[in-house]
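J.: The chain contents come next:
There are 2 protein chains.
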Amino acid sequence: MAAIAVLGFGTVGSGVVDVIETHRELFAQRVGAPVYVKTVVDVRDFPDSPYAGKIVHDFAAVEDDPEIVTVVEAIGGRRIARDFTRRALAAGKNVVTSNKELVAYHGTELFALAREHGVRYLFEASVGGGIPIIRPMAQCLAANEITEVTGILNGTTNYILTRMINASLSFDEALKEAQALGYAEADPSADVLGHDACRKICILASLAFGAQISPDDVRIEGIDRVAAEDIALADTLGCRIKLLGRAQKLDDGTLYISVAPFLIPDGAPLARIDGVFNGITVRGDSVDEVLFCGRGAGKYPTASAVVADVLDTLRPGNAERRIEWGPALPGRLADCRQVSHRYLVRVHGDVKVALEAAEKLFGYIDVVPCDGVSIFDGAFTTPAPIPEGLLLARVEKMRAAGVTVANHLMFL
Amino acid sequence: MAAIAVLGFGTVGSGVVDVIETHRELFAQRVGAPVYVKTVVDVRDFPDSPYAGKIVHDFAAVEDDPEIVTVVEAIGGRRIARDFTRRALAAGKNVVTSNKELVAYHGTELFALAREHGVRYLFEASVGGGIPIIRPMAQCLAANEITEVTGILNGTTNYILTRMINASLSFDEALKEAQALGYAEADPSADVLGHDACRKICILASLAFGAQISPDDVRIEGIDRVAAEDIALADTLGCRIKLLGRAQKLDDGTLYISVAPFLIPDGAPLARIDGVFNGITVRGDSVDEVLFCGRGAGKYPTASAVVADVLDTLRPGNAERRIEWGPALPGRLADCRQVSHRYLVRVHGDVKVALEAAEKLFGYIDVVPCDGVSIFDGAFTTPAPIPEGLLLARVEKMRAAGVTVANHLMFL
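Top to bottom, those sequences are chains A and B. Quick note, in our numbering, the first sequence goes up one by one and the last residue is 417. Quick note, in our numbering, the second sequence goes up one by one and the last residue is 417.
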């Protein structure tokens, strides 16, 4: 008998309990012993739940229960979740989590603690919901030096952008719709400003490059500045705008990690991953590029990944199978301002004057036709990649000269 | 020191040696001990190869070498490969393979032998080249009851169909081009007739449903009957034709395994996986659907998957981590003739007479406009799914009445 505890009975936690309890027979067969949820820890009561009898309020009931082999942490955040995770690991229990924030910020510490106590800390569900990505990267692509990971990692923003593209909604309309459908939270800032995608790309980057990369060190840009005009311009350029998390090993060996809305050519693998779906491409020196996609969030897809990890902790030969990374290496991250991209720049107001000012500064620009946008909008692209620092300096100069620069976007 | 032997120094075998020898430092770090190729077995000599000194002609040199921990079988086929695999397992060595034919036909036997000798038989590279699929299905989706696996599993036929669709080539022209580019063999029958895709879907089906499914029991249809006219009709219907391997658990619990060219709606995830790329969707009761895609063949992508398995055999806690299935269960496969699909039927000759005959037999048909095909071609679709047996009987009746039925294709 393998007894499991679940911390937090919200969407993910209750999904995990459902999946374990409705697949008892299948799982008993797969791991060689019956698996069941013994205890659920939550501050709330759930008198109407079929699992009401399993609910306790005190984490000590899990910590002190020698029968519990594996603990699922579905609390979220970095405070209580971290405390309970440390205590569970110290008590000799495996911990499985969907908490990207905790893994992204404190992965190294928790891996070390797990190792010290001969147990595991697993986090397949922290990125891409139900999409298998952590284990495939750590194991199936182990023969590769990974050079790039790029992904649509946040379903909320992908839904908003997809609706702006396909239904010509404004950002605000698309956000309201996403909230009404339960795809966006009342306070959508962690999604819209790119923080959620940032935590996820940090986990993938840490795994790909073997050292902790903190979300605090990443260049983040959300989708809050993306306007209907940008969507229309992207279309003119044969591109779609997607919020991407990117982790690249540059030629000089430094790592460039970024989160931003990118212009993606329509034929690229990620261009048509729409709605709440996530997609992740991984490039390695032997495998070339592989793409994983599916539902990046949601109760059961996320529970699918959590429970796969739970089953893995119950298999023999478990303790030595580590998926982890080492401590941060100083000086390893590239200076964003030195990294070059091609850009689309949108100006507003007196378009003729603005484009003349741009041409003077940039030397040569490709003007983008703005039919169907508005007569007050103009746009151009840089014909060659230029460093972000230089782009920003020139944008500043244009602004100083009285030009309204409405937005600038990077090409993938 | 972990010594590896490679059997067969062809495309895959030499790729494996390259990948191991050029990543020595990385792999030593990943598995905790240096990894190197000690011996390569081939009937040929390779005097110009940098690895000429490793080549031996007698398998006994591997079998009797206590230093060799893991053997890579890259011979192919079912005769010598099976013999050497059995001997290597019996000698207490792990075996890693890219040989889909051997795994599809003799997986159960070889898993049992591996188990008996406390070693592993791994086969990630047997399906989808470098795309991680075997381990993600066995581990990351372990929380799911898998209900369907559908894939573009053969790069050669996908290249041919893509060129027929995108460049309006005939089947013969596209095949010749694929041969000139090295994507198709001089004798392309195993690819074109669907046998290669069949072995791969059998491996995925055996894994998904836990019991050996033999390629001999599968309904196979190749792409040799797909004509330019079918491609044009598919386009009219908003579809693309792809050779798919499908494994489905039907409502009555039986398994339906098939290989055939299917009409896929243009918006479906597999519709735009083109050229030599492979794509596989897996549907599970918790995760909904996930898609994996990438290069399904080629020297280094395949070597990437083989070497990932090699590294896995060198990790601690190895012997107990089994990825396998049980023996065949009789009576588990569905009767193909009872399974229903919607069909596109193309007739040739006197179109008016042919369609009248069809309408009489089918009761109601949707005639497909054939502008741009030829005045001697007509086509219709069945408005509702009908059992394949019934479709075939009606096609026979049409033929008996003198109608030329040129082709019939299933809708996904």
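Hints were generated in silico from the structure; no laboratory data involved. Here a beta-carbon is modelled for each residue, glycine too, at the ideal position from N, C-alpha and C. Honestly, I wouldn't trust all of these hints.
One side only, chain A facing chain B, incomplete, derived with CB under 8 Å [stated by the list, open to error]:
#, residue
1, E129
2, A147
3, S291
4, E294
5, F297
6, A313
7, D317
8, N323
9, G336
J.: Interface hint check: E294(A), Cβ to nearest Cβ on chain B, cutoff 8 Å. Holds or violated?
T.: 6 Å, holds
J.: The hint names G336(A) as touching chain B; please verify it with the least Cβ-Cβ distance against 8 Å.
T.: Violated, about 20 Å.
J.: Checking hints one by one. Is N323(A) an interface residue toward chain B, by the C-beta closer than 8 Å rule?
T.: Holds. Min distance 7 Å.
J.: Can the hint on E129(A) be confirmed by a CB-to-CB distance to chain B that is less than 8 Å?
T.: 6 Å, holds
J.: Less than 8 Å between beta-carbons is the criterion; does A313(A) satisfy it with respect to chain B?
T.: 5 Å, holds
J.: Is the shortest C-beta separation between S291(A) and chain B less than 8 Å?
T.: Result: holds, 4 Å to nearest chain B Cβ.
J.: Minimum Cβ distance from F297(A) to chain B below 8 Å?
T.: 6 Å, holds
J.: Please check whether A147(A) passes as an interface residue: C-beta within 8 Å of a C-beta belonging to chain B.
T.: Nearest chain B Cβ about 5 Å off; hint holds.
J.: Verify the interface restraint on D317(A): the C-beta must sit less than 8 Å from at least one C-beta of chain B.
T.: 6 Å, holds
Of the hints listed earlier, the one the structure fails to meet is number 9.
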